[in-house]
Amino acid sequence: MQQYGKATYNFAYRLTGNEPDARDLTQDAFVRVYKAWRSFQPGTSFLSWIYRIVTNLYRDELRRRKGRYQEEIPEDNAPQAYGGQRPLAVTPIDDYVERQLSEPLSRALALLSPDQRQVIVLADIEEYSYQEIAEIMGCSIGTVRSRLHRARALLRRMIERGKQQKQTS
Amino acid sequence: MSEHLSNELLIDYLRKELAPEDDALVLAHLEACAGCRREHEIEASLGEALRLAALRDELEFPSMIKARVWEAIRSAKPSPVERLMAYLRPALALPVAAALAIGLFFATPAMRAVMNPQKIDATYYLEVHAAQQSQSPFTERGPAAAQLIEMSQLDTGTPTDLADAAHQGLAAPGALDAVR
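If you read the sequences in order, they're chains S and U. The first sequence begins at 1 in our numbering and counts up by one. The second sequence begins at 1001 in our numbering and counts up by one.
Think of the hints as simulated: they come from the structure by calculation, not from any bench. Take these hints with a grain of salt, some might be off.
Label pairs and their calculated CB-CB ranges [unchecked claim]:
id, chain 1, residue 1, chain 2, residue 2, range
1, U, Leu-1100, S, Met-1, 33 to 43 Å
2, S, Ala-7, U, Leu-1092, 42 to 52 Å
3, U, Leu-1100, S, Thr-143, 47 to 57 Å
4, U, Phe-1106, S, Leu-62, 55 to 65 Å
One-sided and incomplete, this derived list gives chain U residues near chain S with beta-carbon spacing under 7 Å [as the list claims (entries may be wrong)]:
id, residue
5, Glu-1008
6, Glu-1017
7, Gly-1047
8, Leu-1050
9, Arg-1051
10, Ala-1053
11, Glu-1058
12, Ile-1065
13, Lys-1066
14, Arg-1068
15, Val-1069
16, Ala-1072
17, Ile-1073
With a straight-line Cα cutoff of 20 Å, these simulated SDA-like cross-link-like pairs (lysine to any residue) come out [said to hold, decoys possible]:
id, chain 1, residue 1, chain 2, residue 2
18, U, Lys-1066, S, Leu-57
19, U, Lys-1066, S, Gly-5
20, U, Lys-1016, S, Ile-141
21, U, Lys-1066, S, Trp-49
22, U, Lys-1066, S, Asp-24
23, U, Lys-1066, S, Trp-37
24, U, Lys-1016, S, Glu-135
25, S, Lys-35, U, Ala-1076
26, S, Lys-35, U, Met-1085
27, S, Lys-6, U, Ala-1067
28, S, Lys-163, U, Ala-1044
29, U, Lys-1016, S, Thr-143
30, S, Lys-35, U, Val-1081
31, S, Lys-163, U, Glu-1048
32, S, Lys-163, U, Gly-1047
33, U, Lys-1016, S, Ser-140
34, S, Lys-35, U, Trp-1070
35, S, Lys-35, U, Ser-1079
36, U, Lys-1077, S, Tyr-34
37, S, Lys-6, U, Trp-1070
38, S, Lys-35, U, Val-1069
Beta carbons are placed, not taken as given, at the ideal position from N, Cα and C, and that holds for glycine.
Model the full structure from these sequences, guided by the hints.
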């Protein structure tokens, strides 16, 4: 717990978006780890195994709390068509970073669906490969890829919208 | 690759998830296309921003979780199956141990008999018997017994029959022929 506690807690925090839920999720995950340690396959990543447990518990919790987490952002799945010169979707993110965009980014992350948030956290923050994410989330690589693409497109749009709102206000 | 690259392709490229040939094509295109290069930078900086934001928001592991986990483990109620097994354990242990003991008792001698069948050393048996016969002043079957010993050393097929024959005093030459 000493070794994996912090990473697990932060992972749970990024999924849930709040500390009380992250604490409960981490606690439940470690109790499950303790009970099910025999099912861990030596030679595989222990942290990935814990993340898988966290992901499953989080999914179970969402099912239990049906309604509260129901509102999902409509996914714009339309292919992006460019005629001739590609228009720039947004200005580079660097200037957002300089202006301490961690809060708007966290807000945008919280607006994603749980599955999209999970895939963003695992791919962009934890930097797992598609294969590893598929194993943690229990889905195919194709699903991981499409969820990540949609999630990133949504994030970019939300950041851009947030920036425009800030400018108008 | 004259058209612009899709963002999906750029994301896969950034994550090094493309096949080597596709990776090389994307790289070549990026070198030639400023618009795609710009889009590539945006995608890359989004990932970087997410990582930086995560680092900035990183939380310390609350020590209370550890205590709560141990408490939960200690006070965890066993599952119905575990409870049933715990209840049945004493009741099952005695019959299982008895069955094992009975099985071992019966199985071991039988197994030993199968694995290591008892052999009769017919030659030794005949030698002793012939010696007894030859030393007896009341019998005339000595030479026949000696013949039987010789025969048993040549014929290894039925040493026990020969031994029986000698024991029964089959000294007559006819009987020897019959045995042969």
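Hints and how they fare:
1. Judged by the Cβ atoms, the range 33 to 43 Å given for Leu-1100(U) and Met-1(S) holds: they are separated by roughly 41 Å.
2. A beta carbon spacing of about 43 Å between Ala-7(S) and Leu-1092(U) agrees with the range 42 to 52 Å that was offered as a hint.
3. Look at Leu-1100(U) against Thr-143(S): about 52 Å separates their beta carbons, and that is inside 47 to 57 Å.
4. At roughly 59 Å, the beta carbons of Phe-1106(U) and Leu-62(S) sit within the given window of 55 to 65 Å.
5. This hint holds: Glu-1008(U) has a C-beta 5 Å from the nearest C-beta of chain S, less than the 7 Å allowed.
6. Because the closest C-beta pair between Glu-1017(U) and chain S is about 6 Å apart, less than 7 Å, the hint holds.
7. For Gly-1047(U), the shortest C-beta to C-beta distance to chain S is roughly 5 Å, which falls under 7 Å, so the interface hint holds.
8. For Leu-1050(U), the suggested interface contact is upheld, since its CB lies about 4 Å from the closest CB of chain S, less than 7 Å.
9. Nearest Cβ of chain S to the Cβ of Arg-1051(U): about 6 Å, under the 7 Å cut. The hint holds.
10. At its closest, the beta carbon of Ala-1053(U) sits 4 Å from a beta carbon of chain S; the interface hint therefore holds under the 7 Å criterion.
11. Interface restraint check for Glu-1058(U): the shortest CB-CB distance to chain S comes to about 6 Å, inside 7 Å, so the restraint holds.
12. With a least beta-carbon distance of about 5 Å to chain S, the hint placing Ile-1065(U) at the interface is held under the 7 Å criterion.
13. Interface hint at Lys-1066(U): satisfied, since its Cβ lies 6 Å from the closest Cβ of chain S, which is below the 7 Å cut-off.
14. This hint holds: Arg-1068(U) has a C-beta 5 Å from the nearest C-beta of chain S, less than the 7 Å allowed.
15. The beta carbon of Val-1069(U) comes within 4 Å of a beta carbon in chain S, closer than 7 Å, and the hint placing it at the interface holds.
16. The restraint placing Ala-1072(U) at the interface with chain S holds, with a minimum CB-CB distance near 5 Å, inside the 7 Å limit.
17. Among the interface hints, the one on Ile-1073(U) holds; its C-beta lies about 5 Å from the nearest C-beta in chain S, closer than the 7 Å criterion.
18. With a C-alpha separation of about 18 Å, the suggested pairing of Lys-1066(U) with Leu-57(S) holds against the 20 Å cut-off.
19. Using a Cα cut-off of 20 Å, the hinted pair Lys-1066(U) and Gly-5(S) holds, with the two alpha carbons roughly 9 Å apart.
20. For the hint pairing Lys-1016(U) with Ile-141(S), the CA-to-CA distance comes to about 14 Å; that is within 20 Å, so the pair holds.
21. For the hint pairing Lys-1066(U) with Trp-49(S), the CA-to-CA distance comes to about 19 Å; that is within 20 Å, so the pair holds.
22. For the given pair, Lys-1066(U) sits about 11 Å from Asp-24(S) by alpha-carbon distance, which is consistent with the 20 Å threshold.
23. Restraint check for Lys-1066(U) and Trp-37(S): the C-alpha separation of about 17 Å stays at or below 20 Å, so the hint holds.
24. Of the pairs offered as hints, the one joining Lys-1016(U) and Glu-135(S) holds, with about 18 Å between alpha carbons and a cut-off of 20 Å not exceeded.
25. For the suggested pair Lys-35(S) and Ala-1076(U), the alpha carbons sit about 10 Å apart, so the restraint of at most 20 Å is met.
26. Distance restraint check for Lys-35(S) and Met-1085(U): the Cα-Cα separation of roughly 17 Å lies within the 20 Å cut-off, and the hinted pair is therefore satisfied.
27. With a CA separation close to 15 Å, the supplied pair Lys-6(S) and Ala-1067(U) stays within the 20 Å bound.
28. The straight-line distance between the Cα atoms of Lys-163(S) and Ala-1044(U) is roughly 19 Å, inside the 20 Å bound, and the hint therefore holds.
29. A distance of roughly 17 Å separates the Cα atoms of Lys-1016(U) and Thr-143(S); the hinted pair therefore holds under the 20 Å criterion.
30. Only pairs whose Cα atoms come within 20 Å are accepted, and Lys-35(S) paired with Val-1081(U) is accepted, the gap being roughly 14 Å.
31. Distance hint between Lys-163(S) and Glu-1048(U) is fulfilled; the C-alpha atoms sit about 18 Å from each other, no more than 20 Å.
32. Distance check on the hinted pair: Lys-163(S) and Gly-1047(U) sit about 18 Å apart at the alpha-carbon level, within 20 Å; holds.
33. Restraint check: the Cα-Cα separation between Lys-1016(U) and Ser-140(S) comes to about 18 Å, which is no more than 20 Å; the hinted pair holds.
34. Restraint check for Lys-35(S) and Trp-1070(U): satisfied, since their Cα atoms lie roughly 12 Å apart, inside the 20 Å limit.
35. Using a Cα cut-off of 20 Å, the hinted pair Lys-35(S) and Ser-1079(U) holds, with the two alpha carbons roughly 11 Å apart.
36. Restraint check for Lys-1077(U) and Tyr-34(S): satisfied, since their Cα atoms lie roughly 14 Å apart, inside the 20 Å limit.
37. Taken as a hint, the Lys-6(S) and Trp-1070(U) pair is honoured in the structure, with Cα atoms around 17 Å apart against an allowance of 20 Å.
38. A C-alpha spacing of about 11 Å is found between Lys-35(S) and Val-1069(U), which places the hinted pair at or below 20 Å, so the restraint holds.
Violated hints are absent here; each numbered hint is respected by the structure.
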